[in-house]
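Chemist: The working numbering puts the first residue of the sequence shown at 11, with every later residue one more than the last.
Beta-carbon label-pair distances, calculated as ranges: (1) Gly95 - Pro154: 29 to 35 Å; (2) Ile128 - Ala27: 18 to 24 Å; (3) Pro70 - Arg167: 16 to 22 Å; (4) Gly38 - Arg167: 34 to 40 Å; (5) Asp49 - Gly118: 25 to 31 Å; (6) Asn96 - Leu149: 41 to 47 Å.
Rather than coming from a laboratory, the hints here were simulated on the basis of the structure.
Each residue gets a CB set at the ideal place from its N, CA and C atoms; glycine is no exception.
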Amino acid sequence: GNQQSAQSGGGENFSLAGMYGHFQFGGGNPMTLNMSSIDFSGTSQGALGLSGMKTGDVRPVDLFNAGPTNSAALAFGRVNMTYHGNNQFSIVSDKSSRFDFSPLYDPGASWGRNAGNILGTMINYNLMPGTPFPPLVPLIFGGPYNVNFYGTTTIPR
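Starting from the given sequences, assemble the full structure and let the hints guide the process.
Modeler: Put into structure tokens, the structure is as follows:
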């Protein structure tokens with residue numbers, strides 16, 4: 011597991027493997043992630059629809075606009091983001107950032123989001139051939155959980 015903190019109380023560094031492990035064995039308990047460990051260097055505020063925000067503004071964001079292989083997109087899909095000034099953003103800890111693959115298919119979302127969500131469901135519920143655990147593991151020991159975000163991350167203009 012990736013348990014280092016950027017600073018005391020800073021939460022875990024983000025990784026898809028860490029999210030998967032917590033889904034298997036986390037008992038449904040919340041997970042705190044360090045925002046600065048989520049990499050947005052490959053995208054921009056413009057691509058994500060974040061341009062022109064004022065400090066304190068909150069805006070819904072489809073992270074798949076960062077690219078179909080962006081690991082944050084694969085983990086969270088659509089979230090609400092807050093602007094903190096100086097190109098610093100955080101993800102709002104609300105039901106949009108919950109790690110639960112629900113709804114499985116969202117008619118208002120992009121094709122990439124729905125495909126990624128179905129794939130994520132198959133992986134996290136161990137429905138893919140070769141996954142290390144049987145499907146009952148998350149139902150007994152883990153399952154969906156809330157994600158809290160600590161700190162901010164830079165998203166280039």
